[in-house]
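K.L.:
Quick mapping for you: the protein sequence lines, in order, are chains E and X. Each residue of the first sequence is one higher than the one before, counting from 0 in numbering that gives the first Met the number 0. Each residue of the second sequence is one higher than the one before, counting from 0 in numbering that gives the first Met the number 0.
Do not take every clue at face value.
One-sided and incomplete, this derived list gives chain E residues near chain X with beta-carbon spacing under 10 Å [claimed, not checked]: (1) Ala41; (2) Arg68; (3) Trp72; (4) Ala133; (5) Pro135; (6) Asp148; (7) Asp149; (8) His181.
For the record, the hints were derived by calculation from the structure and aren't laboratory data. Cβ coordinates follow ideal geometry from the N, Cα and C atoms, glycine included.
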Amino acid sequence: MDDQLPMLLGRDLDAAFERLVREHQARVFSIALRLTGNASDAEEVAQDVFMRAYRALGEYPPERIRELRLRPWLATIAVNLSRNRFRRHRPATTDLDDIARSRAGDLAAGDRDTPHHEVARRESTAHWQRLISALPDRYRVPLVLRYVDDLTFTEMSEVLGQPLGTLKAQVYRGLRLLRAAHDSTERKELSA
Amino acid sequence: MTRVSSGPAYLNEGGLAQIEAALRDLRVAAPVTLLPDTLVAAGLADQYTSLHTLVGPVFVAWNGRGVSALTLAEDPAVFETRFRAEFARPISRGRAIPDQLGRAIQSRLAGDRHVKVPVDWRGRTSFEQAVWKKALEIPAGEVRPYSWIAREIGHPKAVRAVGTALARNPIPLVIPCHRVVRADGHIGEYGLGGPTNKRAILAAEGVDIGSLEQMAQSGMRYLGSDTTRIFCLPTCRHARRITLRHRVSFPSEMGAQAAGYRACKVCRPAVAA
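Here chain E stands alone, though its shape is the one from the complex:
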């Protein structure tokens, strides 16, 4: 989806900017949501990401814009802003309703008519969000980029400035930690 967009942005930023937001808003918002753990923070971060991108693109020469790799470039901004926000407002508890609402497209939380499978999905989302939020930054960010944003390890290396081997190890270790945390939660629920 990035094929023509850098060229269009280089030619007429104002005309192509809406397409940039339209094409990347879901992934930028998803990164922000999973790194901040809060939907309203994530929306502010996502808007800030695009505003910073807009200002930067306004200053770049067209040839630099044409060569931009938009996916990792936007992810870099999203990660940096989300990290700052997360550090400032680290949630003591994850806002489950917030996450559920954004996940379910503003379905009212606690709606009696909410189908059973939707409730189960909300609970699952909240569960995994809690586990991710509890991970150290060095595992949380690579996992979000790899699986939520679907970046390649090469793109992740561009975003985080780390060697491929380090990132692969962090992702593997992060998955193992999540697995352990998930199993531990399940054990607690069974014994409760």
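Model the placement of chain X on the given structure of chain E, informed by the hints.
P.N.:
Coordinates of chain X only, in the frame set by chain E:
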């Protein structure tokens, strides 16, 4: 645009593939407000709302760069059509004006010319901007002639162009073009509802329009004090303090200077033709 990736074989050990699937399931759609709000913040789209003012309800439009338009509130559809035609940007009814901007506009409408109201100046010439910014220097309760603005911005002969620029003022009230009147004492035209509204706004700000017109009709343009030997434009705050006993009228700046009076340093009448 899901990109299918086959993870390394080791990830399937210990059920890690299940964790990967759960993480992938954490992708979400963006809130519907993200795109329109971002475009407004970037100044590529505008929002508007209605505000109550002295001359009735008005529509005020804004984007991330500042206020972009203010006009009498009539049919929203007509306003939107006109806005799109003039600015070539999408516009939609806003949920609410941002707090800070709303407060700043209300303060400006209440006569506080020092409060900063961000304005979207794009597409405006430097001459127009100079005229509007100069109009902002006129305090509430006072008026200046078109020629005063022309002289103050360094284009003393461009009096007609000043009038044109003021007529093109996209945000009347916020930029107080109503405080600029003709040198012959006529109130002059006004884009926000005509001379009647201009008269009402000036009267509400404390301008004695009747006296101003009467004085102009008698050929007098300046007021001086025979104690200070200073002459002012008639609505200058210092002119209004001159008691009747010490008040002197002059038809021209040259006449005042010939009588040994100097120009007021606040209203600077010497630059006015």
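K.L.:
To test your reading of the hints: which numbers does this structure violate?
P.N.:
When the structure is compared with the hints, numbers 2, 3, 4 and 5 turn out to be violated.
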